[in-house]
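Here is how the chains run, residue by residue.
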Amino acid sequence: KAGVTQTPRYLIKTRGQQVTLSCSPISGHRSVSWYQQTPGQGLQFLFEYFSETQRNKGNFPGRFSGRQFSNSRSEMNVSTLELGDSALYLCASSLGGSYSYEQYFGPGTRLTVT
Amino acid sequence: LAKTTQPISMDSYEGQEVNITCSHNNIATNDYITWYQQFPSQGPRFIIQGYKTKVTNEVASLFIPADRKSSTLSLPRVSLSDTAVYYCLVGDKGAGFQKLVFGTGTRLLVSP
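Going down the list, the sequences are from chains S and R. Using my numbering, the first residue of the first sequence is number 4, and each one after it goes up by one. Using my numbering, the first residue of the second sequence is number 981, and each one after it goes up by one.
Please keep in mind that the hints were generated in silico from the structure rather than gathered at the bench. For each residue, glycine too, the CB sits at the ideal point set by N, CA and C. There are no misleading hints in this set.
Computed from the model, here is a short list of chain R residues facing chain S with C-beta under 8 angstroms:
no.: 1; residue: P1024
no.: 2; residue: Q1029
no.: 3; residue: T1084
Below, in silico cross-link-like pairs of lysine-lysine (BS3-like), each with a Cα-Cα straight-line distance of 27 angstroms or less:
no.: 4; chain 1: R; residue 1: K1049; chain 2: R; residue 2: K983
no.: 5; chain 1: R; residue 1: K1034; chain 2: R; residue 2: K1049
no.: 6; chain 1: S; residue 1: K60; chain 2: S; residue 2: K16
no.: 7; chain 1: R; residue 1: K983; chain 2: S; residue 2: K60
no.: 8; chain 1: R; residue 1: K1049; chain 2: S; residue 2: K60
no.: 9; chain 1: R; residue 1: K983; chain 2: R; residue 2: K1034
no.: 10; chain 1: R; residue 1: K983; chain 2: R; residue 2: K1032
no.: 11; chain 1: R; residue 1: K1049; chain 2: R; residue 2: K1032
no.: 12; chain 1: R; residue 1: K1032; chain 2: S; residue 2: K60
So here's chain R without its partners, still in its complex pose:
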């Protein structure tokens, strides 16, 4: 089972753009790439999902290169409330049952 890796932590200031990458070199062919946000003592919260190229919603953008072995979550103009842990989620193309693999998580700290 391949590991899905992310930077452990990132620091930013309010109003800046933050880009968080996820490496998933064993992603299953048909699977979407999904990103979640988690605050302490809460379950993860869905942010955005995509299959290829670029997807944008009201809170984030997701960039996926043609080989789909990585993805980048972009948070425009972050605020203090964006301080959280961010995870990517992909399906792993192992044998047998499909396995869902969360990334290692990136702890984002936004400062004033």
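The shape of chain S in the complex, shown without the other chains:
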């Protein structure tokens, strides 16, 4: 089975711009979660989508949004980029059972905001 794929792998944007990141989960997985990883804050949960609905949500501002399509692929959008949004954005997929967090991560998208 193919693993979780994320595109693009690297991205450079300017403050104020917006960006869309894409994630393709493992075949058969219905849940997709997004995380932000920075040296200072570590791994932080953004949100989780299950069957096209946002099921869980972290403490990020509304500039961070996402969606999931009927084939379980997911996109994450960040509007009005700030320098502090520079980070590794990780996507993880799972079968989607409640309370179980056995997830499979993609390699991440490295976003640099200048």
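Mind docking chain R on chain S? Use the hints.
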């Protein structure tokens, strides 16, 4: 949102057993405790998951006390390739949406 804490770093030698603890005093009642391993420039990799008492698989054991406010990942007979950062992951029982909280991470260095 309670913090999920781990020791920042640990050192070990090949062949030794390593125990890494995670404190999660605000864990949600129904949630499992999950541990991940991360190498540089890669996404975290699932190691083991448990709800209570002890769970063992081919690579690790997980010990969870009755109050579930902490957990211990045990790696038997570590090798150089086990050098990585280890994270616990739990659900936090805050109000509203469920929040998934990664621990602060423990950097394990295994030496020959």
